[in-house]
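Asks: Here are the chains, one letter per residue:
Protein chains: 2
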Amino acid sequence: MAFKNDPPGQWLSTLPPGCLRLSSGYPEPALVPSEEIKLAVARLLDEERDLPLHYLGSPRIPQLKEFLRKRMATRGVEAAEDELLVTSGACQAIDLIARVLLDDEALVAVEAPTYMEALEIFQNYTEHYLTIPIDEKGLQTELLADLLADRKVHGQPLPRLLYTIPTYQNPTGTTLSLERRKHLLELAEQYDFLILEDDAYGELGFQDRPQLLKAMDTNNRVLYVGSLSKVVAPGMRIGWVAADERIIDPLNWFKKDLNHPFDQATMASFLEAINFDEHLNGLASVYEAKCATMLSALEEFLPPAVSWFTPKGGYFVWVKIPGVDTSELLPKALAAGVSFVPGKYFFLNQQEGLPYLRLSFSYASEEEIVKGVELLAQVIGISIPQPEQETDRQ
Amino acid sequence: MAFKNDPPGQWLSTLPPGCLRLSSGYPEPALVPSEEIKLAVARLLDEERDLPLHYLGSPRIPQLKEFLRKRMATRGVEAAEDELLVTSGACQAIDLIARVLLDDEALVAVEAPTYMEALEIFQNYTEHYLTIPIDEKGLQTELLADLLADRKVHGQPLPRLLYTIPTYQNPTGTTLSLERRKHLLELAEQYDFLILEDDAYGELGFQDRPQLLKAMDTNNRVLYVGSLSKVVAPGMRIGWVAADERIIDPLNWFKKDLNHPFDQATMASFLEAINFDEHLNGLASVYEAKCATMLSALEEFLPPAVSWFTPKGGYFVWVKIPGVDTSELLPKALAAGVSFVPGKYFFLNQQEGLPYLRLSFSYASEEEIVKGVELLAQVIGISIPQPEQETDRQ
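Line by line, the protein sequences give chains A and B. Counting in the numbering used here, the first sequence runs from 1 upward without gaps. Counting in the numbering used here, the second sequence runs from 1001 upward without gaps.
Check each hint, because a few of them may be wrong.
[What the hints assert, rightly or not] No more than 30 Å apart at the CA atoms, straight line, and that leaves these computed lysine-lysine pairs for DSBU-like:
1) B:1320 x B:1332
2) A:65 x B:1038
3) A:371 x A:312
4) B:1332 x B:1371
5) A:38 x B:1038
6) B:1152 x B:1137
7) A:38 x B:1065
8) A:38 x A:70
9) A:70 x A:312
[As the list claims (entries may be wrong)] Anything over 10 Å on all C-beta distances counts as not near chain A; from chain B, calculated:
10) 1027
11) 1049
12) 1083
13) 1105
14) 1136
15) 1137
16) 1177
17) 1209
18) 1325
Derived from the structure by calculation, the hints contain no laboratory data. All residues carry an ideal CB built from backbone N, CA and C; glycine is no exception.
Using the sequences and the accompanying hints, generate a full structural model.
Replies: What follows is the structure, given as structure tokens:
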């Protein structure tokens, strides 16, 4: 058993004590409802006693599924009982989809850059990829259309699955425009591929919520993957898939870790005690402020050659430092007391990612964000080869 | 995607209200420590706040692993840090092992009967099996030796993996004798296969604990799978694998649902507050009494042609009713108010299992066990074709 890439979690650098964490895609600690979850567990076990501690039987297991189905409905997706599967986070959902749809012949289309864990998952199944660059409006569907047309003309294999994070993307923070969403769905129909819509950040819009691909999907081509990790607590491992029953059936068959009754029933108990929309609005206002703070600090401290995308939601700011290999920058940044994730980990061809880095505004406090960006600027100031005259900031 | 067998959980019949549950392989409700787990969560979240609700960071995640490693050591297995992987129950552990070791060419040796979920898992990978019958001393290693010798002589493929539940087996309740344990390990060395030792019930001995295969394994041929489902709470989904680092590495790679911090840290918090040996002794005395009650009731109510094995631990009694198809008996039993699992679900060749059924003494109360066996006897009395004169009870 040999692995071509680094082992899992290689991008997780060991952080020195006191390091300002601009690397962690974690929720803000104060927004993780630990007190509410303590109460949710007490209520759950007082009411149900041993039920949520068995394999089956807690009424809150179906209640969680019902909550997720209703939530999907408010977002324009009517998922029937057998069209939604609760999973252990989005990662298990992606892995199950890969397992059911892919084999070592399959071609998978992915954004460049994209979520590194998803890349790792797909690479357990196939070595064949089509990468589509991202710009400030997300996946470049015109480029995808050209690539597909070219492959068709030359008789080359077409993708079976396209993996996208259309909203507040990881790592770029970009959002696929409505026009491109429509175009992508047309291409899926024209070239007969399925779309895995990873919506882990989709409920974290600062102002509005873009329309889901799944809500625009009239041909059952979209497999929607959701997660409560970013909006409640990642440690509860609650994700789900909404898709055609013919997909959900085999996913369920291959999901051999069974349900997680304690996690799922606890989540249901937590959700029944809160107003979820108010909860989300609370998150959005905090993260919007933290994002604004990070963008101001970048503007204030970073040299003009450095550029970034402006996110409208999510956790991340994607920064480009021309001429710098950010993985070589990282040890200096850690020594100075600030962390980030080098861009190369988000690309299949890691060379493409050298000048980028991902900053997260979700975990650190506003004060830490300002200090962290300032430290980063100092480290970059030492490392940057030749400051350019113009900025391509947006 | 087509499935040759029934969908998952087909053996879980829908129970009418008030049905006496002799089907459920669940722990006794009063022994599931729901109050202690409520306190464990409160202590955990008061002390660690958001830590166990993130992806990483709770000190209790490594503490749980440490507990399991120490526990293994008390049972004669020294597993280093990189020789143990915590999983979501034994099922995920078995699935990961199958994923890493098997392909569609692989031959797998399994006991007949055996745990139905494991059969389903293996069937996701290969169609090739060698089945070895079980008697009152467990897997018949002499038969296995003959089969292997014969295959070798005829140039037929030899098994890559043998799956066994050597102690208090599911469904038969039998325990592999020490002599056969030695023989099995010799055969693994001689014919070059690995052994998956599923020890889900191994800590539930009424009197003593047989020596683990893994503790006798001098050639790194045994992959040990443990579980806290039967001794603490299945709904927490805590299992583990202890094996060579060269096995654990790829298992970890394919384990794409990540850790389950809330479940794992809660379990660690629970375990640190109890004396585990006392906890196990408490379970053993309750289950021993319930088993004795079930055996007495079987002796009292069932016709002489019916036979069973006498378990020394675990959850189950395996009953044979000659001439009866127990899957046809089930609807009548459910109508009468008692459930069991038909034997056929525990066999790859379901025809072999027709006259058997699995009774569980773990979940029902002693009163319910007596009543349930009495109801079962009435249903069998109607169904049994021709009572034999002799009994082969043991």
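Asks: Confirm or reject each hint.
Replies: Quick rundown of the hints versus the structure:
1. Distance hint between residue 1320 (chain B) and residue 1332 (chain B) is fulfilled; the C-alpha atoms sit about 17 Å from each other, no more than 30 Å.
2. Distance hint between residue 65 (chain A) and residue 1038 (chain B) is fulfilled; the C-alpha atoms sit about 23 Å from each other, no more than 30 Å.
3. Restraint check: the Cα-Cα separation between residue 371 (chain A) and residue 312 (chain A) comes to about 23 Å, which is no more than 30 Å; the hinted pair holds.
4. Distance check on the hinted pair: residue 1332 (chain B) and residue 1371 (chain B) sit about 16 Å apart at the alpha-carbon level, within 30 Å; holds.
5. Pair hint residue 38 (chain A) plus residue 1038 (chain B) holds up; C-alpha atoms about 8 Å apart against a cutoff of 30 Å.
6. At roughly 26 Å between alpha-carbon atoms, residue 1152 (chain B) and residue 1137 (chain B) fall within 30 Å of each other, so this suggested pair holds.
7. With a CA separation close to 23 Å, the supplied pair residue 38 (chain A) and residue 1065 (chain B) stays within the 30 Å bound.
8. A distance of roughly 25 Å separates the Cα atoms of residue 38 (chain A) and residue 70 (chain A); the hinted pair therefore holds under the 30 Å criterion.
9. Under the criterion of a C-alpha separation no larger than 30 Å, the hint pairing residue 70 (chain A) with residue 312 (chain A) is consistent with the structure, at around 25 Å.
10. The beta carbon of residue 1027 (chain B) sits about 8 Å from the closest Cβ of chain A, which is not more than 10 Å, so the claim that it is off the interface is violated.
11. Chain A draws residue 1049 (chain B) into its interface by the beta-carbon criterion, the shortest separation being 5 Å against a cut-off of 10 Å.
12. Every CB of chain A is more than 10 Å from the CB of residue 1083 (chain B) (nearest about 16 Å), matching its label as outside the interface.
13. The non-interface label for residue 1105 (chain B) is consistent with chain A: the shortest C-beta to C-beta separation is roughly 15 Å, beyond 10 Å.
14. No Cβ of chain A comes within 10 Å of the Cβ of residue 1136 (chain B); the nearest lies about 29 Å off, and the non-interface call holds.
15. No beta-carbon of chain A is positioned within 10 Å of the beta-carbon of residue 1137 (chain B); the least distance is around 30 Å.
16. For residue 1177 (chain B), the condition that its CB be more than 10 Å from all CB atoms of chain A holds, with the nearest at approximately 31 Å.
17. Annotated as non-interface, residue 1209 (chain B) keeps its C-beta farther than 10 Å from every C-beta of chain A; the closest such distance is 24 Å.
18. With a closest Cβ-Cβ approach of about 26 Å to chain A, residue 1325 (chain B) is found to remain outside the 10 Å limit, as its non-interface label requires.
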